[in-house]
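*Asks:* This is what each chain is made of:
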Amino acid sequence: AQSVAQPEDQVNVAEGNPLTVKCTYSVSGNPYLFWYVQYPNRGLQFLLKYITGDNLVKGSYGFEAEFNKSQTSFHLKKPSALVSDSALYFCAVRDADSNYQLIWGAGTKLIIKP
Amino acid sequence: SAVISQKPSRDICQRGTSLTIQCQVDSQVTMMFWYRQQPGQSLTLIATANQGSEATYESGFVIDKFPISRPNLTFSTLTVSNMSPEDSSIYLCSLKGGGETQYFGPGTRLLVL
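Same order as they appear, the protein sequences are chains A and B.
Under our numbering, the residue at position 64 of the first sequence is numbered 68, and the numbers go up by one with no gaps.
Under our numbering, the residue at position 106 of the second sequence is numbered 113, and the numbers go up by one with no gaps.
Same shape as in the complex, but just chain A (with noise of 0.2 angstroms):
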């Protein structure tokens, strides 16, 4: 079955320090794989995405991910966090048997504390 994993509920970082939000999937064919972003009463604002080329993507706010796909994951990552990064975190992979569907992670809400 396909499947989104993201096994932290919650992430708590000291300001300034390397961020990992963790996502595992599994998915028949080559994923489809997507980063989104939720702050506090927002909507979901898309960070970043791998479809095919370089296993390290780049997205907005200094936000990258890296594919692997011998450990199935795609990781978002962050050199340095902001205070302002604090928000709810959701990994997402397109339902290979679908031409739009996306299958969703639980989320991870990501904590920086200054």
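These aren't lab readings, by the way, just hints derived from the structure by calculation.
Far from chain A by the CB rule (all over 12 angstroms, computed), these chain B residues: (1) GLN21; (2) SER34; (3) GLY67; (4) VAL69; (5) ILE70; (6) PHE73; (7) PRO74; (8) PHE82; (9) LEU120.
Listed below are several chain A residues computed to face chain B (Cβ distance under 7 angstroms; list not exhaustive): (10) TYR36; (11) GLY47; (12) LEU48; (13) PHE50; (14) LYS53; (15) TYR104; (16) TRP108; (17) ALA110; (18) GLY111.
Glycine is no exception: its CB is placed at the ideal position from the N, C-alpha and C atoms.
Here the structure of chain A is known, so what remains is to put chain B in place on it, guided by the hints.
*Replies:* Structure of chain B alone, referenced to chain A:
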């Protein structure tokens, strides 16, 4: 990317009433989607709305409860009918943009008392 707006941004409704949520896009799009995000949960797709055809509903969602209109390529509405407290959620519209990416509106926060 397209600019997506939703109305209302939030509402408090009484049990048994209905609320219609509007989604407006500043460019023409073929595929639009409606999602529900229950408190503390991830997103659940309610239906896909293509202009000129009936909406396609996901398992667990029915047209009588969530009627959808898609009168043109820039607009869609979702109605939450005969509401109960379990319908309290954030309702989000999205569109399929280029490169397989979905873009989301700001959401409508619904509280049913």
